[in-house]
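Those protein sequence lines, which keep their order, are chains A and B. Going by my numbering, the first residue of the first sequence is number 29, and it counts up by one from there. Going by my numbering, the first residue of the second sequence is number 3, and it counts up by one from there.
Treat each hint with caution, since some may be false.
Said to hold, decoys possible - Example chain B residues on the side facing chain A (calculated, C-beta under 7 Å, incomplete):
| no. | residue |
| --- | --- |
| 1 | C11 |
| 2 | L32 |
| 3 | H64 |
| 4 | G67 |
| 5 | F69 |
Hint data in this document are derived by calculation from the structure and do not stem from the laboratory. Treat the numbers as computed from the prediction; the structure is a model and nothing was measured. Where is the CB? At the ideal position from N, CA and C, for every residue including glycine.
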Amino acid sequence: MSEVLTRIDPMPAEPFAGRGVSVRQAPPMARFSLRARQAADLEKLLGVSVPQKIGTMQTGVMCLGPDEWLMLAPHGTKIADGAGLSLAVTEVSDRNVAILLEGPRAASVLAAGCALDFDKFDVGRATRTIFETVEIIIVREAAERFHVEVWRSFAPWLWTAFVTVAAE
Amino acid sequence: MILIHCPYCDEKRAELEFAYAGQAHIARPLDPSTLSDEEWETYLFIRNNPRGRHHERWRHIHGCGRFFNAVRDTVTDKFETTYKAGEPRK
């Protein structure tokens, strides 16, 4: 019987420096899937205002659908379970990993497999979409910096795709 | 690539993000046990197959996740309009 459990990272720890863009793994962070009919219930729980326009992000909370939000927070953050409020809080910190794309070619690397119009995808936008066949969440943190959330098991493939395009 | 307007996101997005989900506006019988076999068969299986305007359900599965209704022309594959689930037939 194995006595030591080892954790295998889905991506290399070292960043990849491509042509005009760097690809690197984001540090571990806490993630919460938040579902609520009324944004007001969520605001009561979190104590901050949450975005209500689908596809936008503020103070670490992105609005993915009419009743769905995803919150990103520093590693180890805990939040209340919302007992008494009509909402559902699920911790999904280890479900996703994130890849950071930074540099003047960051948008064109994403455009290689994603049909969004990145000229109209402003800073502060955050949306679920699809890259080739993999579902991802794209957050535009700055004009030349994107944060891409992906399910852990898809990450090795996505990393390889990004690195291949970044090297071209 | 076809762009489809999602009434929830209020944005045109690529067809890849969407999934077709059959004919729209089919109401489930309130009391299935009172239906004859023919009526139940009609509810389950019998669908329109028009040449032209078709009301259908779509889901923005790789986006906001919501089902909505659309009017699409089955000849040209053009979307005439899309509207939120629960709104009256357009």
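>> Need the list of violated hint numbers for this structure, in ascending order.
In response: 2 and 5
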